[in-house]
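Visitor: As a plain string of letters, each chain reads:
2 protein chains.
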Amino acid sequence: MKNDIFEYAPRLSRMKASIIREILKFSSRPGVISFAGGLPSPDSFPLKEFEQAVKDTIRQDGIRALQYTVTEGIPGLKKCLCQWLKKQKIFAEPKEMLLVHGSQQALDLLGKIFLAKGDYVLLENPSYLGAIQSFNTYQAKFVTADIDRGGIDLAKAEKQLKARKVKFIYVVPTFHNPAGVTMPVERRKGLLRLAQKYRVPIIEDDPYGLIRFKGSWVPSLYSLAKGKGVVYLSTFSKLLSPGIRLGYILAEEEIISKLVLAKQATTLQANTFIQYAVYHYCQHGYLEKHIPTIVKDYAHKAGLMIKYIREFFPPEVQVFEPEGGMFVWCILPKKLKASKVFERAIKKNVAFVEGSVFFPKGGGENTMRLNFTNSKDSDLKIGISRLGNVIKDLL
Amino acid sequence: MKNDIFEYAPRLSRMKASIIREILKFSSRPGVISFAGGLPSPDSFPLKEFEQAVKDTIRQDGIRALQYTVTEGIPGLKKCLCQWLKKQKIFAEPKEMLLVHGSQQALDLLGKIFLAKGDYVLLENPSYLGAIQSFNTYQAKFVTADIDRGGIDLAKAEKQLKARKVKFIYVVPTFHNPAGVTMPVERRKGLLRLAQKYRVPIIEDDPYGLIRFKGSWVPSLYSLAKGKGVVYLSTFSKLLSPGIRLGYILAEEEIISKLVLAKQATTLQANTFIQYAVYHYCQHGYLEKHIPTIVKDYAHKAGLMIKYIREFFPPEVQVFEPEGGMFVWCILPKKLKASKVFERAIKKNVAFVEGSVFFPKGGGENTMRLNFTNSKDSDLKIGISRLGNVIKDLL
Chain A
16 MKNDIFEYAP
26 RLSRMKASII
36 REILKFSSRP
46 GVISFAGGLP
56 SPDSFPLKEF
66 EQAVKDTIRQ
76 DGIRALQYTV
86 TEGIPGLKKC
96 LCQWLKKQKI
106 FAEPKEMLLV
116 HGSQQALDLL
126 GKIFLAKGDY
136 VLLENPSYLG
146 AIQSFNTYQA
156 KFVTADIDRG
166 GIDLAKAEKQ
176 LKARKVKFIY
186 VVPTFHNPAG
196 VTMPVERRKG
206 LLRLAQKYRV
216 PIIEDDPYGL
226 IRFKGSWVPS
236 LYSLAKGKGV
246 VYLSTFSKLL
256 SPGIRLGYIL
266 AEEEIISKLV
276 LAKQATTLQA
286 NTFIQYAVYH
296 YCQHGYLEKH
306 IPTIVKDYAH
316 KAGLMIKYIR
326 EFFPPEVQVF
336 EPEGGMFVWC
346 ILPKKLKASK
356 VFERAIKKNV
366 AFVEGSVFFP
376 KGGGENTMRL
386 NFTNSKDSDL
396 KIGISRLGNV
406 IKDLL
Chain B
16 MKNDIFEYAP
26 RLSRMKASII
36 REILKFSSRP
46 GVISFAGGLP
56 SPDSFPLKEF
66 EQAVKDTIRQ
76 DGIRALQYTV
86 TEGIPGLKKC
96 LCQWLKKQKI
106 FAEPKEMLLV
116 HGSQQALDLL
126 GKIFLAKGDY
136 VLLENPSYLG
146 AIQSFNTYQA
156 KFVTADIDRG
166 GIDLAKAEKQ
176 LKARKVKFIY
186 VVPTFHNPAG
196 VTMPVERRKG
206 LLRLAQKYRV
216 PIIEDDPYGL
226 IRFKGSWVPS
236 LYSLAKGKGV
246 VYLSTFSKLL
256 SPGIRLGYIL
266 AEEEIISKLV
276 LAKQATTLQA
286 NTFIQYAVYH
296 YCQHGYLEKH
306 IPTIVKDYAH
316 KAGLMIKYIR
326 EFFPPEVQVF
336 EPEGGMFVWC
346 ILPKKLKASK
356 VFERAIKKNV
366 AFVEGSVFFP
376 KGGGENTMRL
386 NFTNSKDSDL
396 KIGISRLGNV
406 IKDLL
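The listed protein sequences correspond, in order, to chains A and B. Mapping of the first sequence onto the working numbering: residues 16 to 410, in sequence order. Mapping of the second sequence onto the working numbering: residues 16 to 410, in sequence order.
Don't take each hint at face value.
Which copy is meant is left open, because identical chains are indistinguishable; a pair holds if it fits in one copy or across any two.
Result set (DMTMM-like, lysine to aspartate or glutamate): computed pairs, CA atoms no more than 20 Å apart in a straight line [as the list claims (entries may be wrong)]:
id, residue 1, residue 2
1, Lys-40, Glu-269
2, Lys-304, Glu-37
3, Lys-104, Glu-303
4, Lys-31, Glu-269
5, Lys-110, Glu-37
6, Lys-40, Glu-111
7, Lys-180, Glu-22
8, Lys-212, Glu-22
9, Lys-180, Asp-19
10, Lys-304, Glu-64
11, Lys-355, Asp-408
12, Lys-212, Asp-19
13, Lys-132, Glu-201
14, Lys-350, Asp-58
15, Lys-243, Glu-22
16, Lys-40, Glu-268
17, Lys-180, Asp-168
18, Lys-171, Asp-408
19, Lys-156, Glu-22
20, Lys-241, Asp-19
The hints are simulated quantities; they were obtained by calculation from the structure and are not laboratory data.
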């Protein structure tokens, strides 16, 4: 310990800087082509519509929007969102919803109410880094089940559930981060059966579900379970703006009441001003109107990335082509470490995320996560061709 | 346990709904005169200036303001704030600042990096409820030192520090919540000497420091300590708007780097849009320009409350007249419980907070916290006269 006055809590040893957030700093340098972040396309932001919503907020809700409000979230917004969710066949009452500062806060609050030191969490292998980070701060232990092109492997999941008491299962079933895969409905039903058999709740994280540009709609685990035993998380980060830090949790009313306690002790309530702005945004019907624009943009960018990968990557690289979301997952031949590729790529001003950071128990050294949403068309070509050359050189 | 699938963490038993947040719901009913919350006066919100700042944000930073940004906070805002703080004789570099979702989040993040289960925290008796709630979620143990009209009693504080290893001391030295008192500079120096002697850091929470309407300026503990061994928290909740949920932490760079890790795992970063808005607000010089308006308003309201207390309360009630901030603290004769007063007052549509909720180890049953900032002049008279009648009836 350098500092002899301040003494840190043991949990700090589990807390590491997100490599993705670190790469974010590097990526902002001019000339760098970054496939690293999970940043939405700047073109996807509905600036004009948001401006209108903000104007409405100031004109119609002025003082109210600047004041404290109840922890649960403003009733008008919750009502509007529940109606909007109904159209996605997600049925929840406003009392089953809590508004939070992005779904990262949802993960933290869930950790806070559920996880004691040493509790087991079942994660997909690989899994979303932000969830790993969050649950790490509560000193959870992780068990994992591999995923394939249809999501979590049920036999492997059951093996883990049988071996020990697991506090909850955390999954990103639609357009997975990092692997981009989506669980078909039958696999979803299988996972719910497992959860019921072993009496384990599921946390379903669904930030990308509405950004589908191929294939057909699959119901959420939350819908399939009729809201029982499943906690559903989503966010406006990918549909509107990540900068406004607004997300929501759907869960049984009793769970929401506990999350409210946790939220009071952490940030009191979600941003009132932003809640009113998103309320007006939702009231205008912008949420629905804007999504096709994003889908079209991302379909185009994903198509280009896949096209250039086929053109410039050697055929030995396995590519997971997504039906939606923001990521393409690549598996290099076993002998080639992504860290080697990263080292050389960065010198050519191309960044991506080494897949290994998403493996909670280690492994995945030969995997790469490529984000396509935040690059210009021309950069997609240049960046992928440079990456292809690096990989070919190293093989 | 009602719910046999979800199993909560033991820390949940320490987490209780904030009585103040519960009263907030009651207070919003028409006809209720509330001295309960810590809500700024609606008249104190600089709606026009904030509207300008928001317009500038959309016009000048549009896309950037909607995107993710670095966890530390946007450099322009941190720079602007550091310059503004300099005028208050608070000297910090941008790298010694972290922007957070209100100072409630600061408390949570500090708990996260410092507190292991069973660690001792030294609190003022009474102490800010939000801090008690936050530290409770980390299963801290509390020791306390009473406060008098000059803040924390140093002899009592030293007794606690001598008896056991304390992780940190948490104080609100200026316009204390709930007691409204301010530590004179000599007492501050004494507390710093104690902290140094026992090698214990201090967390200085200063949400109200700039809202002084009487007496003269006192330097912060952070300034007196030249930033060593003291973590300083403040917020825009009382100077601009609590709805925008923006606050900041000043600390040694190493501490900030640990808080950044904790912030990544909880909410990634503070709201980008709001950070840009406050940046423009700060650039326009509105922060400085607007404060005298608030001070004038609160001086007036505090003056009225004190006047009506002298008029309507029986002389047996001890009143702590504040030099700034938002609260008047009343001590009833020992035999009279504030809960009795509350019970009757609520029937007459007057709300306040029973002081006992601010005593971490129990006690204070004969104390009351009265907020004067969120009531109209006429309601101050009616509410205090009703309260006076209730107290007289009960004595």
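Visitor: Run every hint past the structure and note whether it holds.
Guide: Status of the hints after comparison with the structure:
no. : hint              : in the structure
1   : Lys-40 / Glu-269  : between (40 Å within a copy, 19 Å between copies)
2   : Lys-304 / Glu-37  : neither (34 Å within a copy, 37 Å between copies)
3   : Lys-104 / Glu-303 : within (14 Å within a copy, 50 Å between copies)
4   : Lys-31 / Glu-269  : between (33 Å within a copy, 14 Å between copies)
5   : Lys-110 / Glu-37  : between (38 Å within a copy, 16 Å between copies)
6   : Lys-40 / Glu-111  : between (37 Å within a copy, 18 Å between copies)
7   : Lys-180 / Glu-22  : between (33 Å within a copy, 11 Å between copies)
8   : Lys-212 / Glu-22  : between (44 Å within a copy, 16 Å between copies)
9   : Lys-180 / Asp-19  : between (40 Å within a copy, 13 Å between copies)
10  : Lys-304 / Glu-64  : within (10 Å within a copy, 32 Å between copies)
11  : Lys-355 / Asp-408 : within (11 Å within a copy, 81 Å between copies)
12  : Lys-212 / Asp-19  : between (50 Å within a copy, 12 Å between copies)
13  : Lys-132 / Glu-201 : neither (34 Å within a copy, 43 Å between copies)
14  : Lys-350 / Asp-58  : neither (38 Å within a copy, 67 Å between copies)
15  : Lys-243 / Glu-22  : between (42 Å within a copy, 14 Å between copies)
16  : Lys-40 / Glu-268  : between (40 Å within a copy, 18 Å between copies)
17  : Lys-180 / Asp-168 : within (19 Å within a copy, 49 Å between copies)
18  : Lys-171 / Asp-408 : neither (36 Å within a copy, 70 Å between copies)
19  : Lys-156 / Glu-22  : between (24 Å within a copy, 16 Å between copies)
20  : Lys-241 / Asp-19  : between (53 Å within a copy, 17 Å between copies)
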